[in-house]
Amino acid sequence: MTENKHIYQAMFLLDNQEVRKSYAEARDWIRTTLEKHGAEVSVLRLWAERELAYPIEGKRRATYLLGWISATGQAVNEAKREMYLLGPAFRVLFLRADEIPQEELEIGIQDLAEGELVIPEDIPEVEEEEVFAEDLAPPVEEKAAEENSSEMAKKDDSEEAAPAEQEVKTDEDQTPQEETSNV
Amino acid sequence: MYDNAEPEIVGPPKGEFDYKDVEGFERYLDAHGRLYSRKRTGLDAQGQRRLKKAVKYARFLALVPYGA
Numbered sequence: 324m325t326e327n328k329h330i331y332q333a334m335f336l337l338d339n340q341e342v343r344k345s346y347a348e349a350r351d352w353i354r355t356t357l358e359k360h361g362a363e364v365s366v367l368r369l370w371a372e373r374e375l376a377y378p379i380e381g382k383r384r385a386t387y388l389l390g391w392i393s394a395t396g397q398a399v400n401e402a403k404r405e406m407y408l409l410g411p412a413f414r415v416l417f418l419r420a421d422e423i424p425q426e427e428l429e430i431g432i433q434d435l436a437e438g439e440l441v442i443p444e445d446i447p448e449v450e451e452e453e454v455f456a457e458d459l460a461p462p463v464e465e466k467a468a469e470e471n472s473s474e475m476a477k478k479d480d481s482e483e484a485a486p487a488e489q490e491v492k493t494d495e496d497q498t499p500q501e502e503t504s505n506v
Numbered sequence: 015m016y017d018n019a020e021p022e023i024v025g026p027p028k029g030e031f032d033y034k035d036v037e038g039f040e041r042y043l044d045a046h047g048r049l050y051s052r053k054r055t056g057l058d059a060q061g062q063r064r065l066k067k068a069v070k071y072a073r074f075l076a077l078v079p080y081g082a
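So the protein sequences, as listed, match chains A and B.
Positions in the first sequence are counted from 1; adding 323 to them yields this note's numbering.
Positions in the second sequence are counted from 1; adding 14 to them yields this note's numbering.
Hints were generated in silico from the structure; no laboratory data involved.
Computed from a predicted model, the values in this text were never measured in an experiment.
Among these hints, one or two may not hold up.
To be verified - Listed below are the simulated EDC-like cross-link pairs for lysine to aspartate or glutamate, each with C-alpha atoms no more than 16 Å apart in a straight line:
{"id": "1", "chain 1": "B", "residue 1": "66", "chain 2": "A", "residue 2": "374"}
{"id": "2", "chain 1": "A", "residue 1": "328", "chain 2": "A", "residue 2": "427"}
{"id": "3", "chain 1": "A", "residue 1": "344", "chain 2": "A", "residue 2": "439"}
{"id": "4", "chain 1": "B", "residue 1": "34", "chain 2": "A", "residue 2": "372"}
{"id": "5", "chain 1": "B", "residue 1": "34", "chain 2": "A", "residue 2": "439"}
{"id": "6", "chain 1": "B", "residue 1": "66", "chain 2": "B", "residue 2": "40"}
Claimed, not checked - Have a look at the derived ranges for each label pair, beta carbon to beta carbon:
{"id": "7", "chain 1": "B", "residue 1": "70", "chain 2": "A", "residue 2": "378", "range": "18 to 24 Å"}
{"id": "8", "chain 1": "B", "residue 1": "79", "chain 2": "A", "residue 2": "418", "range": "17 to 23 Å"}
{"id": "9", "chain 1": "B", "residue 1": "45", "chain 2": "A", "residue 2": "405", "range": "36 to 42 Å"}
{"id": "10", "chain 1": "B", "residue 1": "54", "chain 2": "A", "residue 2": "436", "range": "24 to 30 Å"}
Just so it is clear, CB atoms sit at the ideal spot from N, CA and C, and this is done for glycine as well.
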């Protein structure tokens, strides 16, 4: 039984590490894989390099390749299966389309000039350290040292404050006597 | 109690929904990435289904979040 060929719009998410090595190599791998399974690749171009809305397999950014192909359903399934097992693509979407837009046909298989695709460095994921109650509470020795120092400080304060109080007391003691003597 | 105020109707799109045109359908999503209801989008049943498909393709390709 022969299957009919249909036009598909395809989107490939490529690993930025592979694209950084060579964009042409990654694109050609996609193209040869599709052609190996009997698909005819009309357009394969860079769509975007952008941050992902959610991390996929630890990746936070990816390069999006847009393609227009004509292939049978079986060829699409086989190519998709191979792409998920091997190669730089980690997510693939094929959608049936009525026709290939003219402006896309003009682009064809896109080659990029040097410096056209700038991929920023990956931001390493920061793992949150677990905080335990023991870490928050100071150790016993430190506690004891803190208590001792606070006691010493209290003592010093009381010694310093004592003469002043005595002075005050002497003043208070004198004044009534003077008053009485005057009377 | 319940808020009986009429929801703000976003209105129909200028063209067809395309999963690649994130800015085009972002106004039909709330802050968590969830689709508004038909009551709120103001779309007909066909339009709402097309919007749903476009959003789901975009979610699969990590163009918009799946929602909290």
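Hint check results:
| no. | hint | result |
| --- | --- | --- |
| 1 | B:66 / A:374 | violated (22 Å) |
| 2 | A:328 / A:427 | violated (19 Å) |
| 3 | A:344 / A:439 | holds (14 Å) |
| 4 | B:34 / A:372 | holds (13 Å) |
| 5 | B:34 / A:439 | violated (21 Å) |
| 6 | B:66 / B:40 | holds (12 Å) |
| 7 | B:70 / A:378: 18 to 24 Å | holds (19 Å) |
| 8 | B:79 / A:418: 17 to 23 Å | holds (21 Å) |
| 9 | B:45 / A:405: 36 to 42 Å | holds (39 Å) |
| 10 | B:54 / A:436: 24 to 30 Å | violated (45 Å) |
Violated hints for the displayed structure, listed by number in ascending order: 1, 2, 5, 10.
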